[in-house]
Amino acid sequence: MRTRLRKWSLLLGAAAVLALPLTSWAQLTQYDLETRIGMESHVGNITGHAKDAKGDYRRYCVVCHGTLGDGNGESFPWVDPKPRDFQLGIFKCRSTPTGTLPVDQDLFDTIARGMDRSNMPQWSTFTKQERADLVAWVKHFSPRWTGEKPGTPITIPPEPEVTPERIKAGRDVFARVQCWKCHGVQGMANGPSAATLTDDLGRTIQPFNFTDGSRPKCGDTDRDIYRIFMTGLDGTPMPSFADNIKPDEAWDLVFYLRTFMSQPSKEKAMAKQLALKPVDPNAPVAQQ
Amino acid sequence: MRNRQNWAVALSAIVLVCCGALLLSQKVNAAGEGKITGTVKLDGTAPHMKGIDMSKDPYCAKAHATDPAHLEQVVAGANGGLENVVLYISNWSGSAQASTAVPVFDQKNCVYTPHVLAMDAGQTFKVITSDQTTHNIHPLPNPMTGNIPWNQSQPPGAAPVEKSWKAAEVIPVQCNIHPWMHGWFVVVKGPYATTDDKGSYTIDNVPPGNYTVTAWQETYNTMTQKVTVAAGASATADFTFKAK
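Chains as they are written, first to last, in the working numbering: chain W, 392 to 679; chain G, 14 to 257.
Extracted from the complex, chain G is given alone in its bound form:
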């Protein structure tokens, strides 16, 4: 009889401890999201970026009178850091990020700022205009992916255009009125980051796990790397694109 009681006590203690551990571990998980950071560099000399002749629209030409605009297919800093590279987790299986952030795509001085806008599938983004000339925003996704192309005008002072994309896709966007205006909507699934002018990036809110990080650059295409993110820790993934 005594023996049995002992056993019962021991068992309930074990169960309690297990429950506690489970609860705790869950808590740790929720708070333990890590991140992926790194730098994207260019190996070699960046190709020459041609200047843009905006004389067709006097407003645009005037805006760039002292600071001529250049194409932005490859934007490399002094130390070789590549700007406008999108980094995302290509084997992401989690749900879409419930991010309330609204990325903004500005038409400023007849160029797209930023040149590359990354976003999550389903995330709302905004197109605004800071210019005193009419633009038309004309993204060209492949309708077979589920993303449908549209084409809207934005005269000076027009209200922002708010949209979202259904599926992950790299979507070129253009202005037909100003044919040099060319940018990208990079729609991915899950957390993402875009490199700054030094080529560095940080993907936040990455739950612990093994991931394949993909770096997308408009001229050099993509590179991938495998990383392991530990709870609450920061993993590093550096990329180097070879100049062509």
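Same shape as in the complex, but just chain W:
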């Protein structure tokens, strides 16, 4: 009897010792999340609390983003683009430089805007308070938010008046930084590198097609487009051009990109009058 007890306790002890490292191998556990439930978000004068978003997340978000926020929810196998893995803290739509955490306002806007051409709808039905709570909830999934500060948002100067000269100048920027390598000379997402693009997790991804009427994932106002190419879309092949396009040139590029879009615009009309031709991919590249 005694020896048997001893044997069992020995075995149990050994099992416990073996199991200990297993828990630390797992990426994130429910326990880790519990410790960060006090996470807050600040959007304007609204303060969001992660604990208040638990119900909304379970009801509306968990099916794709998963209970641990790793993007591995029930629908994962059937949706494309794949749901975001919140544990990594890497986001496409940021006003902050590449490689930094977004500010709370960026996540707040993304929830309301949704992601065009994906399974992420516009969650504009939530109240602002609910959205702020969900931002805090999204943040509580990644350990990065406890140790790191978000980046400093880039400054976007006021939008200048569109002129034919600016559109032509934008075409030069488009040629110089070679947007067409992926997006194509007419913005049709058919550049020479378009077919081989993959995201950070090695999954096939398409460049944005300006001509098919779809909206850019991170917003379709002029300021949104400015922000997209200046900060880049982290986790995707779209790099940041902040170091290589000056603020004034950036507005020129925004105007030129508008000329590709199927929606009618002032820029489109001007380009038609100018009879602008697409850039020549074989022309030598102008130096900065």
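FYI, nobody ran anything at the bench for these hints, they're computed from the structure. Yeah, the Cβ is synthetic: ideal placement off N, Cα and C, and Gly gets one too. Please note that a few of the clues may not be correct.
[Said to hold, decoys possible] Computed footprint of chain G on chain W, listed as stretches where at least three residues anywhere in the stretch have a Cβ under 8 Å from a Cβ of chain G:
hint	region
1	563-572
2	579-588
3	622-629
Since the structure of chain W is already known, use the hints to place chain G on it.
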């Protein structure tokens, strides 16, 4: 009384000698940093490195018109010396090296030069472009290590990108515009070296002590060896990877 004085003299003499010895030994330590040298070889025939089709970008194709580019997963010299192997001390417990050297990662003729860039955690490195075509530098570390991925463009004539990594990690780096461009940032803690085209290396500034030297090769993974570095001396650690 006399006796006591004698003792005092003897004691102070001993103390003085000890102090001197301590000071001296410290000096010896500071100047006595040794090094670890050796050669990394490949046992067997190196696998065939496929040629790279750069026709997608005429600029790149033209740059390699007479000298076609090949993949660089295994680069072995005539005598079997392995290039691009990073050697570092895996049980390093000292502080980070206060090295002011800035390793440079060049994008030249649409390939990364060097293919493998080793650096110390926290050390600043530079990414430059010598090409007349736009590249994007897109390192892919695991954000859970504390190294955060970023993605920056470098059109022709662009200014260098200066960065550093927080944690030790082997980080793949790629250009999405030119999918064949693939290289490595090998971030280690402490002194390191990369093998040259003959497979030889020297890790400088190694204080005396017992160390585990690790050799990292992108295809064959790692090998380790224990070495003892004596003050001011050079220890040898040769490695041989088996070709697969």
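* To do: Examine the region 563-572 of chain W for residues whose CB is less than 8 Å from any CB of chain G, and state whether their number is three or more.
  => holds (count 4)
* To do: Go check the region 622-629 of chain W versus chain G for me, would you? Three or more residues, Cβ under 8 Å, otherwise it fails.
  => With 6 residues close enough to chain G, the hint holds.
* Examine the region 579-588 of chain W for residues whose CB is less than 8 Å from any CB of chain G, and state whether their number is three or more. => holds (count 4)
The earlier numbered hints are all upheld by this structure, with none contradicted.
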